[in-house]
Amino acid sequence: MPDLISQRKEKFCRRYVGSLNAAAAARHAGYAPQSCRTSAYRLLREPAVQARIAELQAEDARQVGDQSETLVGKLESVFRLAVEYHHFSAAVRIVEMQAKLAGIAPSGPSGGNPIGRRGKSADKLAVVAGSPPAEAANSNDTIIPDDDREVALNRHSNRSA
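So the mapping is simple: my numbering equals the position in the sequence shown, first residue as 1, plus 122.
Simulated from the structure, these hints should not be mistaken for lab results. Built from N, CA and C at the ideal position, the CB exists for glycine as well. There may be inaccurate statements among the hints.
[Stated by the list, open to error] Between beta-carbon pairs, the in silico distance windows are:
| # | residue 1 | residue 2 | range |
| --- | --- | --- | --- |
| 1 | K196 | R164 | 40 to 50 Å |
| 2 | R130 | A221 | 34 to 44 Å |
| 3 | A183 | Y163 | 19 to 29 Å |
| 4 | S128 | D182 | 20 to 30 Å |
| 5 | S190 | E168 | 29 to 39 Å |
| 6 | E206 | N143 | 46 to 56 Å |
| 7 | S199 | R167 | 40 to 50 Å |
| 8 | Q156 | E132 | 15 to 25 Å |
| 9 | E206 | Q172 | 49 to 59 Å |
| 10 | R202 | E177 | 36 to 46 Å |
| 11 | A176 | G152 | 16 to 26 Å |
| 12 | G152 | L193 | 31 to 41 Å |
| 13 | S141 | S199 | 27 to 37 Å |
| 14 | R184 | S157 | 27 to 37 Å |
Generate coordinates for the entire structure from the input sequences, incorporating the hints supplied.
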């Protein structure tokens with residue numbers, strides 16, 4: 123903790139980082155309910171409190187980053203299975219999930235689909251993967267890996283486009 127802040131200020135900092143509500147954090151830390159807004163304002167202007175909040179936010183960001191990397195890695199193995207078994211619509215969905223976890227998911231009128239409307243995406247991925255688009259359209263809804271475990275994947279339709 124920078125500048126060794128009091129336990130009450132530490133409690134305020136931790137609650138503030140979790141909620142981003144300074145008045146509620148001050149009230150939770152034991153400051154008088156009648157003056158918690160003023161106390162919160164004063165606390166947020168203290169350099170030691172600002173430094174501690176920044177430290178706690180950086181710690182949270184590291185933890186979220188580690189968790190995201192773990193999830194992206196798990197999705198990568200499912201992606202490989204989806205491509206191997208020619209279930210391209212599932213592969214596209216997995217890439218979308220990975221992009222969201224990485225914080226780079228596109229947004230726009232296509233609903234965040236980086237390739238365009240659903241339906242076309244599986245065909246485009248099939249061409250990139252070296253398979254004819256018709257194979258993507260005829261792929262099964264279930265992937266059965268070599269070790270006889272069944273991995274169910276949802277198929278998205280293009281009915282609303």
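A quick look at each hint next to the structure:
| no. | hint | in the structure |
| --- | --- | --- |
| 1 | K196 - R164: 40 to 50 Å | holds (45 Å) |
| 2 | R130 - A221: 34 to 44 Å | holds (42 Å) |
| 3 | A183 - Y163: 19 to 29 Å | holds (25 Å) |
| 4 | S128 - D182: 20 to 30 Å | holds (22 Å) |
| 5 | S190 - E168: 29 to 39 Å | holds (32 Å) |
| 6 | E206 - N143: 46 to 56 Å | holds (48 Å) |
| 7 | S199 - R167: 40 to 50 Å | holds (49 Å) |
| 8 | Q156 - E132: 15 to 25 Å | holds (23 Å) |
| 9 | E206 - Q172: 49 to 59 Å | holds (51 Å) |
| 10 | R202 - E177: 36 to 46 Å | holds (39 Å) |
| 11 | A176 - G152: 16 to 26 Å | holds (23 Å) |
| 12 | G152 - L193: 31 to 41 Å | holds (37 Å) |
| 13 | S141 - S199: 27 to 37 Å | holds (36 Å) |
| 14 | R184 - S157: 27 to 37 Å | holds (34 Å) |
In this structure, every one of the numbered hints holds.
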